[in-house]
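K.L.:
Produce the complete structure using the sequences and hints provided.
The numbering used here numbers the first residue of the sequence shown as 14 and each following residue consecutively.
Everything labelled a hint here was simulated from the structure, so no lab data went into it. One should not assume that every hint holds.
Computed cross-link-like contacts, DSSO-like style, restricted to lysine-lysine with a CA-CA straight-line distance of at most 27 Å [claimed, not checked]: (1) LYS333 to LYS194; (2) LYS224 to LYS286; (3) LYS66 to LYS333; (4) LYS22 to LYS35; (5) LYS202 to LYS134; (6) LYS20 to LYS35; (7) LYS224 to LYS20; (8) LYS134 to LYS194; (9) LYS216 to LYS20; (10) LYS35 to LYS224; (11) LYS333 to LYS134; (12) LYS258 to LYS244; (13) LYS326 to LYS286; (14) LYS258 to LYS243; (15) LYS22 to LYS244; (16) LYS244 to LYS286; (17) LYS134 to LYS20; (18) LYS116 to LYS35; (19) LYS194 to LYS73; (20) LYS286 to LYS216; (21) LYS224 to LYS41; (22) LYS73 to LYS202; (23) LYS224 to LYS116; (24) LYS202 to LYS66; (25) LYS224 to LYS306; (26) LYS243 to LYS286; (27) LYS258 to LYS116; (28) LYS194 to LYS326; (29) LYS22 to LYS116; (30) LYS193 to LYS66; (31) LYS258 to LYS326.
Distance ranges between label pairs, derived from CB positions [claimed, not checked]: (32) VAL255 to GLU18: 38 to 44 Å; (33) MET312 to LYS333: 42 to 48 Å; (34) GLU111 to GLU305: 36 to 42 Å.
Quantities reported herein were computed from a predicted structural model and do not represent experimental measurements. Here a beta-carbon is modelled for each residue, glycine too, at the ideal position from N, C-alpha and C.
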Amino acid sequence: MHFFEEKRKEVMSHIEPHMLEKMFEYLKPIDTIWQPSDFLPDASRSTFFSEIKELQESAKGLSYDLIAVLVGDTITEEALPTYESWLTMVEGVSDNEEGGWMKWTRHWTAEENRHGDLLNKYLYLSGRVNMRMMEVSTQYLIADGFDIGTGHDPYRNFIYTSFQELATNVSHRRVASQAKKDGDALLSKMCGVIAGDEARHAKAYKYFIEKIFEVDPNEAMLAFEDMMRKKIVMPAHFLREVGLKIGQTFGHFTDAAERLGIYTALDYVDILKELIEDWHIESATGLEENGEKARDYIMNLPARLLRVAERMKNPMLEYKFSWING
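P.N.:
What follows is the structure, given as structure tokens:
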């Protein structure tokens, strides 16, 4: 095990200069990137209360399921302390406090932090949400932590983040589209810019794995296979409400997303196909026998998952979330 850890650290050191060279293609300058206040009513203006009234009028048209998904997305974004602490524990990241990987982790965290800030303030102003119930769920999610099956392995972690950033891009993009249909142009715009951030971050993590495949293809392939056998779980899979056990609310949240077509089993398959293509899995060289078997499993997986997804019925169970007023 020690040998593999040292190899991982060597690979992380090897790709660190490539990451630093590309880093600001995937992140935007702090002075010029959007901030939550760019979208929200300004309390210093005389129009503040009329702007809030307008925001609330638009929010009235949002469906129950869309509010549920939006709250779940917000709580997920706000559990950022968990994700940052998890990334700093990855092999090769925090070896040097001033190194490139810690620099990336901090800058990535700083960009992501704006998402929860913006959505939280919007929900507070909308009047549609019981904020205390939502805040309790957020505190639970941070306190409960999460187990995503990656351990401290950078390969598995960056495969996870590649998948997850693509998934959050899909989710925020679809919420933006649905909000527009429901007549809330402000929410649509907000979720659109968040989705743009997630798309850039996905490109970064995909690039890290691409570089890993170049120097350690067999181990990268085995890590990819392992993550797909375990299935990629969402970071909010421990989601719960007051009085419920860990994870009890998560299924209801994903049901709402599935009913609206915000994020579905078919999206999971599409993301897997994208990663297979972007990482050139089919044409990868330098594989050993176990790596070849892992590749075969990965290449056959989309068709298998698609058959399962097509048989799945749209969840119809209605659930009353403690987060939503009325």
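K.L.:
Run through the hints listed earlier and report the numbers of any the structure violates, in increasing order.
P.N.:
17 and 27
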